[in-house]
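**Student:** This is what each chain is made of:
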Amino acid sequence: MNRLTKLPTLRIDPSENRSLQYKGQTYQGVAGDTVATALYANGVRVFARSLKYHRPRGLYSLDGECSNTCMQVDDIPNVRTENTLLKNGMQVKDQNVKGSAEFDWMGFMDKLDCLMPAGFYYRTMHKPASLWPIAMKQVRNAAGLGKIAPDFRMKGDYTEIYPRAAVCVIGGGAAGMTAALAAAESGLRVVLLDARPWLGGCFDYRVSAYDQEKALYQRARELAKAVEATPNIRVFKHTAVVGVYNNNLITAFQVGGESDSFNERYLEIRATSVVVATGCIERPLLFENNERPGIMQVGCAHRLARTYGLLPGNQAVFSIGHDLGLEAAADLFDLGLQIACVADIRADGQDPQLLLALTKRNIPFLRGWVACEAHGSRQVEKVTLSTIDGSAKRQFGCDLLVASAGLTPITGPLTLAQAKLKYDMHTGYFLPVDLPAKTHIAGRLTGLQHALAIEASGRLAGLNAAADCGFDTAKSAAEAGQQLNALPGPERGTRLVSAPVKGRKSFICFDEDTTLKNIKQAIEMGFDVPELIKRFTSAGTGPGQGGIPGHNLPLLVSEYQARTGAKPIPTTVRPPLVPTFIATYAGANHDMCKRTPLHDLQKKAGGVFRRMGVWRRARYFSEDFSCREEILNVRNNVGLLDASTLGKFRIHGPDALKALQRVYVSNMAKVAEGRVKYSAMCNDDGCVIDDGVVVKLAENDYYFTTSTGRAGETVEWIRFHTRYDGWDFHLVNLTDAMGVINISGPNACKVLAKVADTDLANEAFPFSSYREFTIRKKIPVRAMRLGFVGELSYELHADASYMPALWQIIEEAGQEFGIRNFGVEAQNVLRLEKCHIILGQESEQRTNLLDLGLGFLWHRNKPDAKTVGAVALRQTEKDPGRFRLVGFKMEDPQRPPRDGSIIVDQRIRGYVCTARKSFTLNESVGLALVDAELAALGTRLEIFEDECNGKRLDARIVPMPFYDPQGERMKM
Amino acid sequence: MALTISCPNCGKRNGYEFRYGGEDKGPRPAEEGLTPQSWCDYVHMNNCVAGIQKEWWCHKNGCGAWFTIFRNTLTNLEVEEPEAKL
Ligand SMILES: [Zn+2]
Numbered sequence: 000m001n002r003l004t005k006l007p008t009l010r011i012d013p014s015e016n017r018s019l020q021y022k023g024q025t026y027q028g029v030a031g032d033t034v035a036t037a038l039y040a041n042g043v044r045v046f047a048r049s050l051k052y053h054r055p056r057g058l059y060s061l062d063g064e065c066s067n068t069c070m071q072v073d074d075i076p077n078v079r080t081e082n083t084l085l086k087n088g089m090q091v092k093d094q095n096v097k098g099s100a101e102f103d104w105m106g107f108m109d110k111l112d113c114l115m116p117a118g119f120y121y122r123t124m125h126k127p128a129s130l131w132p133i134a135m136k137q138v139r140n141a142a143g144l145g146k147i148a149p150d151f152r153m154k155g156d157y158t159e160i161y162p163r164a165a166v167c168v169i170g171g172g173a174a175g176m177t178a179a180l181a182a183a184e185s186g187l188r189v190v191l192l193d194a195r196p197w198l199g200g201c202f203d204y205r206v207s208a209y210d211q212e213k214a215l216y217q218r219a220r221e222l223a224k225a226v227e228a229t230p231n232i233r234v235f236k237h238t239a240v241v242g243v244y245n246n247n248l249i250t251a252f253q254v255g256g257e258s259d260s261f262n263e264r265y266l267e268i269r270a271t272s273v274v275v276a277t278g279c280i281e282r283p284l285l286f287e288n289n290e291r292p293g294i295m296q297v298g299c300a301h302r303l304a305r306t307y308g309l310l311p312g313n314q315a316v317f318s319i320g321h322d323l324g325l326e327a328a329a330d331l332f333d334l335g336l337q338i339a340c341v342a343d344i345r346a347d348g349q350d351p352q353l354l355l356a357l358t359k360r361n362i363p364f365l366r367g368w369v370a371c372e373a374h375g376s377r378q379v380e381k382v383t384l385s386t387i388d389g390s391a392k393r394q395f396g397c398d399l400l401v402a403s404a405g406l407t408p409i410t411g412p413l414t415l416a417q418a419k420l421k422y423d424m425h426t427g428y429f430l431p432v433d434l435p436a437k438t439h440i441a442g443r444l445t446g447l448q449h450a451l452a453i454e455a456s457g458r459l460a461g462l463n464a465a466a467d468c469g470f471d472t473a474k475s476a477a478e479a480g481q482q483l484n485a486l487p488g489p490e491r492g493t494r495l496v497s498a499p500v501k502g503r504k505s506f507i508c509f510d511e512d513t514t515l516k517n518i519k520q521a522i523e524m525g526f527d528v529p530e531l532i533k534r535f536t537s538a539g540t541g542p543g544q545g546g547i548p549g550h551n552l553p554l555l556v557s558e559y560q561a562r563t564g565a566k567p568i569p570t571t572v573r574p575p576l577v578p579t580f581i582a583t584y585a586g587a588n589h590d591m592c593k594r595t596p597l598h599d600l601q602k603k604a605g606g607v608f609r610r611m612g613v614w615r616r617a618r619y620f621s622e623d624f625s626c627r628e629e630i631l632n633v634r635n636n637v638g639l640l641d642a643s644t645l646g647k648f649r650i651h652g653p654d655a656l657k658a659l660q661r662v663y664v665s666n667m668a669k670v671a672e673g674r675v676k677y678s679a680m681c682n683d684d685g686c687v688i689d690d691g692v693v694v695k696l697a698e699n700d701y702y703f704t705t706s707t708g709r710a711g712e713t714v715e716w717i718r719f720h721t722r723y724d725g726w727d728f729h730l731v732n733l734t735d736a737m738g739v740i741n742i743s744g745p746n747a748c749k750v751l752a753k754v755a756d757t758d759l760a761n762e763a764f765p766f767s768s769y770r771e772f773t774i775r776k777k778i779p780v781r782a783m784r785l786g787f788v789g790e791l792s793y794e795l796h797a798d799a800s801y802m803p804a805l806w807q808i809i810e811e812a813g814q815e816f817g818i819r820n821f822g823v824e825a826q827n828v829l830r831l832e833k834c835h836i837i838l839g840q841e842s843e844q845r846t847n848l849l850d851l852g853l854g855f856l857w858h859r860n861k862p863d864a865k866t867v868g869a870v871a872l873r874q875t876e877k878d879p880g881r882f883r884l885v886g887f888k889m890e891d892p893q894r895p896p897r898d899g900s901i902i903v904d905q906r907i908r909g910y911v912c913t914a915r916k917s918f919t920l921n922e923s924v925g926l927a928l929v930d931a932e933l934a935a936l937g938t939r940l941e942i943f944e945d946e947c948n949g950k951r952l953d954a955r956i957v958p959m960p961f962y963d964p965q966g967e968r969m970k971m
Numbered sequence: 000m001a002l003t004i005s006c007p008n009c010g011k012r013n014g015y016e017f018r019y020g021g022e023d024k025g026p027r028p029a030e031e032g033l034t035p036q037s038w039c040d041y042v043h044m045n046n047c048v049a050g051i052q053k054e055w056w057c058h059k060n061g062c063g064a065w066f067t068i069f070r071n072t073l074t075n076l077e078v079e080e081p082e083a084k085l
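Chains as they are written, first to last, in numbering that gives the first Met the number 0: chain A, 0 to 971; chain B, 0 to 85.
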């Protein structure tokens, strides 16, 4: 097809080729084409088949208002190809067809419409009940849009930004641009959004005069230039608004161009004031076969020629209801389109200039006539026109029928912002009756059609928006208002929805194949509100989101009901206003995690890392995930663990102790200098949320640790539970500022003694005590003698920056003993043998302090109401129906159950928290939470897991701990 | 999130930055006369006001402060402190 390559309005670059694959062939398009326009240029007229009846569908709008051009592009189904920019190498397929879009074996469905009246899906297939599954399968097979491959992965980059704007203008047409410029005059930060890849709106493709010198498209480009040259206006093109929320929060998504780093990006804009200048789309005309390929809206036909350089057909008939239709007819005629006839549904009110233009071109013009039937099986070949009352008919041959009943404002963003819409008798639009705070409307949306009036309304809205932001624009706004009032106001709109037809094949909703007849059936069945009729007939629930039936449905309902004074009621809309990829909402998939100061050293040492909470931690140091060597080395020699992920905090100030008393269950006044105190925190239900140690650094100055998972919330937790008290204390999270090295094993003391500048003898630094000293006269450390893994063990806390050096010093000192790293998994087994719990492993949300056998930590003489969790603990103390933490041994020493396996008799009685093969004991041991009545020593437990093949695993409750019950090894 | 919250230290910020701390129920009850029931009510029972409510928020991704605001639960908008009722 020959392109009109010389037009000044083009948005394509005819010199730059783009190609796509369709039906095994390569089709050529040009830069700026959409997928659909490129196919159209290659003679494709049938793009898809409809949902229910498999009717052929063609290009109808160009803004994705219906599913007519939904195709599968690069394995993504339901892509609206009419506003998807063509990229080289795209793979395009037709969907919902058996065969192809042109020759669909399911085409016979169109004859079966009598079997599918309104709501047939709900009404016919439920008796007998056994029919439903079969029917559902058949219906789903025959209907439906695209299919997605189960293993499909979305390609490309999806990002998000959160711009702040003083004024956000939705719509980059003439009104939107003047609004943005007016608001920007005050120096405000303005964001301008437009759904199309360029600014210009309805001026963009029109060559009619704007004033003596300029055409409309020239004016649009002039405004766009001014907007782009204004530094405080940020323009987002190809950006569709999908949601508007209170507080003027606007969400949108932007489609990336060829030079953008993203495929799509999600925008969340917070604005002080919003200007909605979204303009209008066309209101479809209903007549028989009103969606045959070859039938399209005025704007679609006009823009195909003016924007994409494609003359939409050879011989055309127009059946229109607004002046844009007359303007398009004259312009398309000049570009080479033959026009058999222009029928206008209006009896009067046309712009005389436009009528004169038609006369000059000898284009036959019929007033008060309308298309009532299109003929042709796959494409329109002929059209029957009739008078509005149906009294006279004429036929014209054509391959293009440009049809449009009127205009309809795009009010989706306003509805989402909770504006109430009301039917306006003059314009025939649903217009907002009261706007939400700091929201303004401008442009064609308000019914204006005159170019200068559109701009004046934009300027007024922009100035009012600036006033919302605290600028005094009263004077200029008053001037703009006067100017607007002097110009032609909103124009009278048409109300006609349908030609005089019965409507069996007149489609009110293309996406869902809903006909005029279906709507009448629904009304006759007693549905009276458009919203319910929408649900029942599914009109407006498809990918077009009500773009096609949104205005017509309420008009039709009020007309058909013929109740006196019944005003049309609009249906609701919901976000997203246009179909949006979930990938776009998901945004960038950053895997953000923290690394300890020893990360690189551990990596070099062969650490196998795993994501644990917010951290990446070395879980293993060999491919042997049972960690046998690591474990035995700690038990028999000495090992080194990076424990830097522990939560580390300092609390100081006159009321620091009071705060500790509030959140810890123990008596924190007993924390003695030089000693380590182990305690736990509960929530108000007595459930354990954290355990750790506290040391006293000085008077009113404490250092404490929390479990890794709680580090992020601890400050918030303590401040929350002291929020009414006005206590004077400071709380500092040192988790990232400090690191921790754990050196454990019978030789730990010998290694540390080589480098520590202090006496490490048992008398000088006994178990459960705290010391501060330096390593090699340089590195200050806080050292605690703890026994989490059940051996002689030192925990060294030092500034993060010292950690690599500290690690290397200790490693070097330990070389002669054969010191080696151990990872988180080895630690897990070691502490399991000692029955030291890890919260989150041996507890869940319901597990309280007493269930875990940690009741000894609770200081019962503290006032209950003053200690978080104490009241609940007191209450559950006598509750027999709780779980208990128990230790068990497996009958088969080689077969530990999986963590999380269930413990059963006739029913579920508990679950395994952690279980491992213990190389130290040559047994399989574990910890479990079981019903209190099963918790007695010696009780047999039966464990079920997926892998046990129905044969339950036997275990027996044994005393805890399993290893070194006297605790001698950690005290040696 | 459409909600914005005014932190006393940091000013008006996006609701994403905050953690909700529940209705303002006053300080922990006194030890004297405390029953399990009254304690449970204090911890778990809420008024669920349809209208303006005083509530706690923590600026968790900011300064870390806990503070109260007034919010209209019907519009999900922060409001000025309503004048003390007579
Ligand atoms: Zn703050």
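The set of hints was computed from the structure by calculation and includes no laboratory data. All values derive from a computational prediction rather than experimental measurement. Treat the hints with caution; some may be incorrect.
Said to hold, decoys possible - Which bits of chain B does chain A cover? Going by a derived footprint, with three or more residues having C-beta under 8 Å, they are:
# : stretch
1 : 45-56
2 : 59-66
3 : 70-81
Said to hold, decoys possible - Straight-line Cα separation of at most 30 Å, DSS-like style, residue types lysine-lysine; simulated pairs:
# : chain 1 : residue 1 : chain 2 : residue 2
4 : A       : 865       : B       : 53
5 : A       : 516       : A       : 501
6 : B       : 11        : A       : 419
Claimed, not checked - Here are some chain A residues pointing at chain B (derived, C-beta under 8 Å):
#  : residue
7  : 130
8  : 248
9  : 723
10 : 874
Cβ coordinates follow ideal geometry from the N, Cα and C atoms, glycine included.
**Student:** Compare the structure with each hint and give your call.
**Tutor:** We went through each hint and held it up to the structure:
1. Look at the stretch 45-56 of chain B against chain A: 1 of its residues bring a Cβ nearer than 8 Å to a Cβ of that chain, fewer than three, so the hint is violated.
2. Counting residues of the stretch 59-66 of chain B whose beta-carbon sits less than 8 Å from any beta-carbon of chain A gives 4, enough to reach three: the coverage restraint holds.
3. Counting residues of the stretch 70-81 of chain B whose C-beta sits closer than 8 Å to any C-beta of chain A gives 3, which meets the bar of three, so the coverage hint holds.
4. Pair hint residue 865 (chain A) plus residue 53 (chain B) holds up; C-alpha atoms about 23 Å apart against a cutoff of 30 Å.
5. This hinted pair checks out: residue 516 (chain A) and residue 501 (chain A) have alpha carbons roughly 7 Å apart, not beyond 30 Å.
6. Restraint check for residue 11 (chain B) and residue 419 (chain A): satisfied, since their Cα atoms lie roughly 29 Å apart, inside the 30 Å limit.
7. Hint on residue 130 (chain A) is violated. Least Cβ distance to chain B is approximately 45 Å, over the 8 Å limit.
8. Look at residue 248 (chain A): its Cβ gets to within about 4 Å of chain B, closer than 8 Å, so that hint holds up.
9. Proximity of residue 723 (chain A) to chain B holds as hinted, the smallest CB-CB distance being about 4 Å (cut-off 8 Å).
10. Look at residue 874 (chain A): its Cβ gets to within about 5 Å of chain B, closer than 8 Å, so that hint holds up.
Checked against the numbered hints given earlier, the structure breaks hints 1, 7 and satisfies all the rest.
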